[in-house]
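*Asks:* For the sequence shown, this note's numbering assigns the number 47 to the initial residue and increments by one for each residue that follows.
Don't read these hints as lab results, they were simulated from the structure. Any given hint could be a false lead.
[Said to hold, decoys possible] Derived CB-CB ranges, DEER-like: (1) Trp285 x Ser199: 35 to 45 Å; (2) Phe243 x Leu356: 36 to 46 Å; (3) Thr115 x Val259: 44 to 54 Å; (4) Leu356 x Thr176: 51 to 61 Å; (5) Gly331 x Thr238: 38 to 48 Å; (6) Phe211 x Thr238: 50 to 60 Å; (7) Pro326 x Gly362: 20 to 30 Å; (8) Tyr327 x Arg234: 38 to 48 Å; (9) Leu207 x Ala247: 13 to 23 Å; (10) Thr115 x Gly319: 21 to 31 Å.
Where is the CB? At the ideal position from N, CA and C, for every residue including glycine.
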Amino acid sequence: MIGKALVGLAASAVLIAAGALVVSIAQTQPAAADSCLCSGVSPSPSPSPSPSSTPTPTPTPIGGTPNPTPTGAGNSGDSLGGVTGQRFNQMITNQVLGSVLLGVNEQVNCSDCVSVGSFTAGVHGRKELTNNLSFLGGLAYTQYGENGYHVTSAPIGAFALRYDFTDWGSSRPFFDLGTVLSPFEKVRYSRTYVTNFGPVALDSSTNSSDYGVYGRAGWITRLSPRDEAAASIELWQLWQHVSGYADPLAPFNPFNATIATGTDRTSLVKIGGQWTHLFPYNIEGNVNGFFVQSFGTHSGIVATVTGNGLVVPTIGNQSWFEYGGRLGFRLAPGWVADVFVNGTLGPQPVGNTIHGGVGLRINY
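Please work from the sequences and hints to get the whole structure.
*Replies:* Written out as structure tokens, the structure is:
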């Protein structure tokens, strides 16, 4: 009996052990399933990767890539200094041409005469009112230009009274008081400046008027029946009124200018002399020269320039030399054909200029 009991007890132990083994396998099987990818998807979610920043594209402006910005606003404003010089030169040239009408190339004392024709279309002469007092005057129509400007139409009138102390003898004083008028002028002024795209050249048209008054005190000496010499000092006051204008339309002018109506002015003092000589064969000659100094000069330019705003150029005082000469050929008693030149020598804006022409003078 005891042996059967031990055999049964052993069999029971074997069964219990086999059951425990089955239970252990059943409990560990899911753990093995956790470590494999049966369907290709991990049973537990993996964290998503952090998003990488993508650069934002720069928006393209409507119309494509913008053009580079032009430079040169300062050059545009500075170019008005050149216009100031042109206007000053115009005042001085008008004064020189007016002096021709007042007989600057002729002897101080002579009988009544009229001179017609020259590089202008005009006439001038003198009339003795008394033994001491003479009236000098002339009218002309002219065109001229220098240093970038062009006066395309200019009537000029010059008138003066001369008092000559003839009763003092061959050496005596004389005095002039007169005016030069040139209204209704048509003129073109040029303006140039440089940008990073290249140069800009403009040519503007407008109207101007020139006016001047002067006084002259001098001393005349009759050296011989064929020679007369004179020295004098002159004071001039000049005004020039220019109508306002703007730059003309141009293919490229990024820094355009608008110039207001304005008046230029200057005062002059002139010191010099002249000599007139009668050569053989009825040929007479005259040479004259004056040193000129300006003072109280003022430019009337007030301009509005794109990129600069208001621009008011200035001009300093100038000095130069004015000269003249004439050859007269006495064709017949009282008839003289003249060839003459007048001009200036000096730095800009006056510069070196020359004006010449021919005329017919009639003494009566």
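*Asks:* Each of the hints needs a verdict: does it hold here or not?
*Replies:* Now the hints, each set against the structure:
no.: 1; hint: Trp285 x Ser199: 35 to 45 Å; result: violated, 19 Å
no.: 2; hint: Phe243 x Leu356: 36 to 46 Å; result: violated, 25 Å
no.: 3; hint: Thr115 x Val259: 44 to 54 Å; result: holds, 50 Å
no.: 4; hint: Leu356 x Thr176: 51 to 61 Å; result: holds, 55 Å
no.: 5; hint: Gly331 x Thr238: 38 to 48 Å; result: holds, 42 Å
no.: 6; hint: Phe211 x Thr238: 50 to 60 Å; result: holds, 53 Å
no.: 7; hint: Pro326 x Gly362: 20 to 30 Å; result: violated, 48 Å
no.: 8; hint: Tyr327 x Arg234: 38 to 48 Å; result: holds, 45 Å
no.: 9; hint: Leu207 x Ala247: 13 to 23 Å; result: violated, 46 Å
no.: 10; hint: Thr115 x Gly319: 21 to 31 Å; result: violated, 59 Å
When each numbered hint is compared with the structure, violations occur for hints 1, 2, 7, 9 and 10.
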